[in-house]
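Novice: Sequence:
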Amino acid sequence: GIFRREGGATVESLDSFSGRAPRTWKRHGVFEGHMGARRRVSPVNGSETPVDESDAMTAGAYIEQLAHANPRKREEAIQRLSELGWEDTDGALGALLPRLRDPHPSVRAKAADALGSSADGGAAEPLIAALDDENREVRFRAAFALEQLEPAVDIEVRIRAWDAVVGLDNQNVYALCNLSLAHRESGNREVAVETAYQAIELHPEHFYPYLLVAHLYAEKGEREAAVRYYKCAIRCNPEHAPTYYELAELY
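In terms of my numbering, the sequence shown opens at residue 145 and continues consecutively.
Derived by calculation from the structure, the hints in this document are not laboratory data. Possibly wrong hints are sitting among the right ones.
Simulated crosslink set (EDC-like; lysine to aspartate or glutamate; CA at most 16 Å straight-line) [as the list claims (entries may be wrong)]: (1) K364 to E329; (2) K364 to E393; (3) K375 to E349; (4) K364 to E334; (5) K217 to D264; (6) K375 to E393; (7) K364 to E338; (8) K364 to E345; (9) K364 to E390.
Restraint ranges, calculated between C-beta atoms of paired labels, are given here [what the hints assert, rightly or not]: (10) M201 to K364: 47 to 55 Å; (11) Y389 to D234: 43 to 51 Å; (12) Y388 to L346: 19 to 27 Å; (13) P386 to I299: 19 to 27 Å; (14) A213 to I299: 39 to 47 Å; (15) A263 to K375: 30 to 38 Å; (16) L241 to K364: 22 to 30 Å; (17) N314 to L228: 31 to 39 Å; (18) E363 to N314: 48 to 56 Å; (19) E366 to Y388: 13 to 21 Å; (20) D313 to M201: 32 to 40 Å; (21) E231 to P386: 29 to 37 Å; (22) Y389 to G238: 42 to 50 Å.
Glycine included, each C-beta is placed from N, C-alpha and C at the ideal position.
The whole structure should be built from the sequences, with the hints applied where relevant.
Specialist: Pasting the structure below:
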């Protein structure tokens with residue numbers, strides 16, 4: 145079977161697909177903001193820095209560790225400070241801004257994550273600047289962090305952020321999905337569905353783009369198309385329970 149869309153472009157169906165997705169794509173993390181529309185998708189972060197629980201330190205000591213010569217120690221400090229909170233410090237922004245310019249990309253990515261978790265609206269400009277980072281993971285984490293800030297960054301700025309990420313890494317299915325979600329939030333559903341189709345064309349084994357298309361069709365009242373794409377999402381990832389709930393609501 146073929147899914148056809150306006151303009152004659154096509155996307156292969158999953159009629160012959162086994163339903164087995166690569167392990168790295170089988171699990172994913174979803175950020176749900178304070179507003180329901182601010183939902184974004186990210187790979188599960190499997191790079192948490194190992195820490196020695198028996199050697200826990202104060203927030204002040206971890207602030208000092210941010211300047212450690214070993215990048216793993218700097219990552220550990222960022223992780224620990226995020227877990228402890230920033231009440232006993234001068235704030236996340238002052239502590240983490242230098243780490244967004246760290247020579248090691250994993251430290252920069254960790255700093256972007258931590259700034260997002262802090263939800264400090266003052267981090268918007270530094271995170272926007274980090275979208276020009278030479279490392280693709282840092283760029284993605286900066287865009288993802290922008291989604292978490294309060295007050296919310298303007299949707300057009302967030303769309304431009306995901307456009308920048310996709311422009312330098314157009315194979316990144318998560319970035320494409322987030323760009324689609326941002327367009328959906330802005331009310332531009334036509335561009336949202338086209339972006340989701342692009343993700344399907346590049347990664348037909350990944351369930352999330354099918355789920356996005358299904359949502360968009362359901363919102364438009366096109367039940368048959370929505371059902372078809374929900375079923376494709378289930379075939380890709382039969383373990384994702386929310387897809388079944390969404391599908392059931394259409395019957």
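Novice: Is K364 close enough to E345, meaning Cα to Cα at most 16 Å?
Specialist: Violated, at roughly 22 Å.
Novice: A range of 31 to 39 Å was offered for this pair. Does it hold for the Cβ distance of N314 and L228?
Specialist: Check passed, 38 Å falls within 31 to 39 Å.
Novice: Evaluate the given range 47 to 55 Å for the C-beta pair formed by M201 and K364.
Specialist: Distance hint for M201, K364 holds at roughly 54 Å.
Novice: Is the gap between the beta carbons of A213 and I299 within 39 to 47 Å?
Specialist: holds, 41 Å
Novice: Is K364 within 16 Å of E393, Cα to Cα?
Specialist: OK: K364 and E393 at ~14 Å, within 16 Å.
Novice: So if I understand the rule, the pair passes when the alpha-carbon distance is 16 Å or less; does K364 with E390 pass?
Specialist: holds, 14 Å
Novice: Between the beta carbons of Y388 and L346, is the distance compatible with 19 to 27 Å?
Specialist: Holds - the Cβ-Cβ distance for Y388 and L346, about 26 Å, lies within 19 to 27 Å.
Novice: Starting from K364, check that the Cα of E329 is at most 16 Å away, please.
Specialist: holds, 14 Å
Novice: Has the hinted range 48 to 56 Å been met by the Cβ atoms of E363 and N314?
Specialist: Violated - the Cβ-Cβ distance for E363 and N314, about 26 Å, lies outside 48 to 56 Å.
Novice: Holds or violated: K375 and E393, Cα atoms, limit 16 Å.
Specialist: This hinted pair holds, its Cα atoms lying about 13 Å apart.
Novice: Decide if the proposed pair is consistent with the structure: K375 and E349, CA atoms, cutoff 16 Å inclusive.
Specialist: This hinted pair holds, its Cα atoms lying about 13 Å apart.
Novice: Does D264 sit within 16 Å of K217, going by the straight-line distance between their CA atoms?
Specialist: violated, 24 Å
Figure legend: structure checked against the earlier numbered hints; hints not met, in rising order: 5, 8, 16 and 18.
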